[in-house]
Amino acid sequence: MNFTLRIWRQKNAAAKGGMVTYSVRGVCADSSFFEMLDTLNQQLVDEGAEPVCFDHDCREGICGTCSLYINGRPHGPVKGVTTCQLHMRSFADGDTINIEPWRAKAFPIVRDLIVDRSALDRINQAGGYVSVNSGGVPDANAIAVRKADSDAAFDAAACIGCGACVAACANAAAMLFIGAKVSHLALLPQGKVEARERVLTMVECMDGLGFGGCSNTYACEAECPKGISVANIAMLNREFLSSAIRKDKAKPFSGGF
Amino acid sequence: MLLSSSIAGKVLMALAGLFLAMFLLVHLGINLLLLSSDGGVAFTAAAEFMATNPIIKIAEPVLFGGFLLHIAFGMMVSGQNRAARPVRYQESNSSETSLFSKYMFHTGIVVFLFLAMHMADFYLIKLGFIAPPEGIGQHDFYHRAMLLFSNPWYSGFYALSFLVLGFHLNHAIQSAFQTLGLNHSRYTPALKVAGSAYAIIITVGFSLIPLWIAFSPLTRL
Chain A
1 MNFTLRIWRQ KNAAAKGGMV TYSVRGVCAD SSFFEMLDTL NQQLVDEGAE PVCFDHDCRE
61 GICGTCSLYI NGRPHGPVKG VTTCQLHMRS FADGDTINIE PWRAKAFPIV RDLIVDRSAL
121 DRINQAGGYV SVNSGGVPDA NAIAVRKADS DAAFDAAACI GCGACVAACA NAAAMLFIGA
181 KVSHLALLPQ GKVEARERVL TMVECMDGLG FGGCSNTYAC EAECPKGISV ANIAMLNREF
241 LSSAIRKDKA KPFSGGF
Chain B
1001 MLLSSSIAGK VLMALAGLFL AMFLLVHLGI NLLLLSSDGG VAFTAAAEFM ATNPIIKIAE
1061 PVLFGGFLLH IAFGMMVSGQ NRAARPVRYQ ESNSSETSLF SKYMFHTGIV VFLFLAMHMA
1121 DFYLIKLGFI APPEGIGQHD FYHRAMLLFS NPWYSGFYAL SFLVLGFHLN HAIQSAFQTL
1181 GLNHSRYTPA LKVAGSAYAI IITVGFSLIP LWIAFSPLTR L
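Protein chains in written order, with my numbering: chain A, 1 to 257; chain B, 1001 to 1221.
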């Protein structure tokens, strides 16, 4: 298969970027999107040109490292997959494919298609954990959890933190990401202990990082490679409101136990 | 902390929006009296009740507050949202979303402009800031409405504005509940249908009145 690629090239964070057109030939229909880009980069290296920089790691859809805004959609045209699991058979021979980095104030471009998504890590650092002493592995059935809650928590925990929700959102909001993190922990007994403080500190952190707000277009849910539901955003709102209203006058949270 | 957060702003906007949505139903109920062929007796009585009832007198500033809150937070949130993506994509987003959910700000602006015209046409005349137009013997809301609605261009524009409001409301109701944290696997699908039905009732109900008055041969001033 042959493709025309229009790719965003930008030397560094400060440089002015632009779309550059490339042609890539002899791509196998069953190769992944990244194998196609590898083919392009080999062509560029052979020509003595700079290869295109893009993020990738596991290439099996579980690590959340890959990104790419392909033809107007994060992770491309196929529902429920990451870019590394997208295959060229999903395109027609001779197609022109637009490839852009994810755009958000909170995700500055590092180079070409690579953006800095550490803002999501900072939200997690603000409260997306449980403070427990590590030690021996507890019995799996020592704490009873309702099946419905464990299923919902597991669905939320499927978030790989790729940031497709932010990239798809008209407002570059991180609400599906933070909703998944807050729900996942608030649904389980281990996470409930710190649930009230967690949601307040995580939302405060998110607000300070330059993400937009949610206007309920649900583009995030449509593009999430792990199919995380916007019901998690409603749960985040619920958790936030009840925690903010019940918050004590003096700041009770000292950062741990 | 509570009020400065992005979620709290949207919750206030949602609450104000739901309050305005309830007000629209009351307004529609009274407006439908314009269609009765009693020469405006029922409509005028209802308008008189709304103008003199002490509870409504208290509700009036609350209503203005609701509009101001909804508009102010709408502007603020939209501004913050635009700022969150300073460099736009080259290719516009083609993710699956409901068509109108992305245009709440734009439809809101149209509704705001309509509201400004509506206030000038009815409320400012009631307060005496604007002199009533020539050509009507008796000045009250009934005759004012009949005069305005007998102009097909005015009625067409009025109906068009309510079509845009309908698009706004179609997304608004379920969106407000989602913002308030109310999302349920059983009730949310039903709520979405109810929200769309509400939007259709408001659009059709409000549009029917001027269009009927402008285009029906049975209508007489």
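Keep in mind that the hints were calculated from the coordinates and are not lab data.
Incorrect hints may appear among the rest.
To be verified - With the C-beta cut set under 7 Å, the calculated list includes, among others, these residues of chain B facing chain A: (1) A1059; (2) E1060; (3) R1085; (4) V1087; (5) Y1089; (6) S1094; (7) S1101; (8) L1148; (9) S1150; (10) N1183.
What you are looking at is a predicted structure, and each value in this text was computed from that prediction instead of being measured.
Heads up, the beta-carbon is just placed ideally off N, CA and C, and yes, glycines get one too.
Fill in: Hint status (Cβ of B:S1101 to nearest Cβ of chain A, threshold 7 Å)
Where the cut-off is 7 Å and the nearest Cβ of chain A is about 4 Å from B:S1101, the hint holds.
Worksheet item: Taking the least C-beta to C-beta distance, is B:V1087 closer than 7 Å to chain A?
Response: Holds, about 6 Å.
Item to complete: Return the status of the interface hint for B:N1183: holds when the least beta-carbon distance to chain A is below 7 Å, violated otherwise.
Response: 3 Å, holds
Worksheet item: Can B:L1148 be said to touch chain A, with a Cβ gap under 7 Å?
Response: At 34 Å from the nearest chain A Cβ, B:L1148 fails the 7 Å test, so the hint is violated.
Worksheet item: Under the criterion of a CB-CB separation shorter than 7 Å, is B:R1085 in contact with chain A as hinted?
Response: At about 4 Å, which falls below the 7 Å cut-off, the nearest Cβ of chain A leaves the hint on B:R1085 intact, so it holds.
Fill in: Per-residue hint verdict: B:A1059, partner chain A, C-beta under 7 Å
26 Å, violated
Worksheet item: Should the interface hint for B:Y1089 be scored as holding, given a Cβ-Cβ cut-off of 7 Å against chain A?
Response: 6 Å, holds
Worksheet item: Taking the closest Cβ pair, is B:S1150 under 7 Å from chain A?
Response: 39 Å, violated
Fill in: Agreement of hint B:S1094 with chain A interface, Cβ distance less than 7 Å
Since chain A brings a Cβ to about 4 Å from B:S1094, closer than 7 Å, the hint holds.
Item to complete: Classify the hint on B:E1060 as holds or violated, based on whether any CB of chain A lies nearer than 7 Å to its CB.
Response: 29 Å, violated
When each numbered hint is compared with the structure, violations occur for hints 1, 2, 8, 9.
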